[in-house]
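Take the sequences, apply the hints, and build the full model.
The sequence shown: position 90 = 90 (our numbering), numbered continuously.
Quick caveat, the hints were computed from the structure, so don't treat them as lab data. The reader is advised that the hints may include incorrect statements.
Claimed, not checked - Below, computed lysine-lysine pairings styled on BS3-like, alpha-carbon distance capped at 30 Å:
{"#": "1", "residue 1": "Lys202", "residue 2": "Lys99"}
{"#": "2", "residue 1": "Lys185", "residue 2": "Lys127"}
{"#": "3", "residue 1": "Lys61", "residue 2": "Lys117"}
Predicted, not measured: the structure shown is a model, and the values here were computed from it.
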Amino acid sequence: AAATLGGGGSAVPTGSGRDFSTADALTSSAAKKDIAALKLDASLENLAVFAYGAALKAAPKGKFGKVPAAVAEFAMHAMDQHADHAEAFNAALVNAGSKAYTKPDPALTPAVLKMFKDTNSVPELAKLALTLENTAAATYVKQMKTLRSLEALNAVATIAPVERQHAAILSFVLGEYPVPDTFVKLGPTSTSLGARPTSDLK
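This is the structure in structure tokens:
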């Protein structure tokens, strides 16, 4: 039988043979894990917004040499979409009874800052952005088998493909085939830090 959301709303099954309700969310260990995952996801999106924003500010100063207009336009759209993604993850957090997470991933930020400091060309910048996109996509895909909240699942399932679209464009900028892999690789690669654990936030 399906559980009732909100103590009087419509019944929504999880599709996993188990029911999940708002009341359950406040007490279950599964919901606590969902909240930890959503915080991590928001932190990755916040980090991407920061990185794209920093690149857009530094580009006019010549840090990366001549930046093609199409690359700058992509960066602006990608930054806006990552901001939308962060908003979606934070909405799911609030609906789960938690608070919005507005900081970038604390475990990755120092490394990303160093990478950004050492980046002096458009290809290097594209590789940095590609690393962030692939890392986020790997994280969300891996979470699909553990998340229990319908809203959390909807978020990662709809956001992960957009990260892969960003990655395809960045691969093209680097002169590589836009979709090199048949499946998302969850482990670390030359352009991914691998699916991130929730321990990043501890």
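Tested hints:
1. Lys202 to Lys99: 16 Å, holds
2. Lys185 to Lys127: With a Cα-Cα distance of about 16 Å, the restraint between Lys185 and Lys127 holds, given a limit of 30 Å.
3. Lys61 to Lys117: 14 Å, holds
In summary, this structure violates none of the numbered hints.
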